[in-house]
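Participant: For the protein sequence lines, the chains are D and H, in the order given. Going by my numbering, the first sequence opens with residue 108, and the numbers climb by one from there. Going by my numbering, the second sequence opens with residue -9, and the numbers climb by one from there.
Rather than coming from a laboratory, the hints here were simulated on the basis of the structure. Note that the structure is predicted; figures quoted are calculated from it, not measured. Quick reminder that beta carbons are idealized off the backbone N, C-alpha and C, glycines included. Hints are supplied without guarantee of correctness; some may be wrong.
[Stated by the list, open to error] Interface residues of chain H toward chain D, partial, derived using beta-carbon atoms under 8 Å: (1) Ala9; (2) Val12; (3) Val18; (4) Ala30; (5) Ile56; (6) Ile58; (7) Thr120; (8) Ala121; (9) Ile123; (10) Gly148.
[Unchecked claim] What follows is a set of in silico ranges between Cβ atoms, one per label pair, in the way DEER data are often shown: (11) H:Val89 to D:Arg192: 44 to 54 Å; (12) D:Arg192 to H:Met107: 45 to 55 Å; (13) D:Arg192 to H:Arg103: 17 to 27 Å; (14) D:Asp203 to H:Ile84: 18 to 28 Å.
[Stated by the list, open to error] Covered, in the sense of this in silico footprint (three residues per stretch, anywhere, with C-beta under 8 Å from a C-beta of chain D), are these stretches of chain H: (15) -2 to 5; (16) 84 to 94; (17) 132 to 143.
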Amino acid sequence: MIRLPLVLVFAALLFSCGVYGVLARRNAVMVLMAIELMLNAVNLNLVAFSASLKDVSGQIFALFVIAVAAAAVGIGLALVILLFRNRASINVDEVDLLKW
Amino acid sequence: MTAQEYAFLVVAVVGSLAAIAVVTARNVVHAALYLVVALASVGVTFLLVGAEFVGWTQILIYVGAIVILFLFGLMLTKAPIGRDTLDHQTQNRIVGGIVALLMFLGLASLTLRVWPMGTTPASAPVDGSTAAIGTSLFHDYVLPFEVVSFLLLAALIGAIVLARKDDGSDE
Chain D
108 MIRLPLVLVF
118 AALLFSCGVY
128 GVLARRNAVM
138 VLMAIELMLN
148 AVNLNLVAFS
158 ASLKDVSGQI
168 FALFVIAVAA
178 AAVGIGLALV
188 ILLFRNRASI
198 NVDEVDLLKW
Chain H
-9 MTAQEYAFLV
1 VAVVGSLAAI
11 AVVTARNVVH
21 AALYLVVALA
31 SVGVTFLLVG
41 AEFVGWTQIL
51 IYVGAIVILF
61 LFGLMLTKAP
71 IGRDTLDHQT
81 QNRIVGGIVA
91 LLMFLGLASL
101 TLRVWPMGTT
111 PASAPVDGST
121 AAIGTSLFHD
131 YVLPFEVVSF
141 LLLAALIGAI
151 VLARKDDGSD
161 E
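Sequences and hints are given; from them, build the entire structure.
Facilitator: Take a look at the structure:
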């Protein structure tokens, strides 16, 4: 069987890739993809701890996270499409209307 | 090392390389396709751990639906495919790389300090069958389940309202 730290280190790497994507990429769709990577890393941790603690609750939480992530992607892409329609650009640095 | 661990190592290496390719790819469509590999490797890891239902859900929803949604998003926003026009800021890349590297080293060292590789026992496969998940979901987590259904309905209506073409001729 798989030991817990192996899965956790894999999840840490996925999460760090997601953090890099959110910080470094300026394309709004790429930022959403990086957020998905981070959510998957969290799911991986939840399922790994569920296996380690012999409790099925962790997998239920992972299912809820998957459902919320699907909603987030749907709304996020709708916002990106609206942004593109209004500004003809999906560069997240150019959306600074609320910056003072 | 068991057979599952060797299989997991192969899957984890493939998934890690794909995840790095997602955030560094110049072509956004290639990034979406690398995302398929990364998400599928997470799904296979779920299956290897024994979380059968979550694993198949992951593959159905992420690989089947969310990546398609991303590809449609890229198509509708006519992203500069094949060019790197949006990502010229090397400053962002350097800062992002440093933060991500520090975060990975911190998380990995913390994990390995709390659960050392040598002494942590291998966990038995968890009961992730559909029956076990369903029993728990509909006994202990009914209320969150219903709340999620409202959330999905709200997200559905919100996405339609936001993305609808508003030409103002319907008034």
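Participant: Give me the numbers of the hints this structure contradicts, sorted from smallest to largest.
Facilitator: Of the numbered hints, 4, 6, 7, 8, 11, 13 do not hold.
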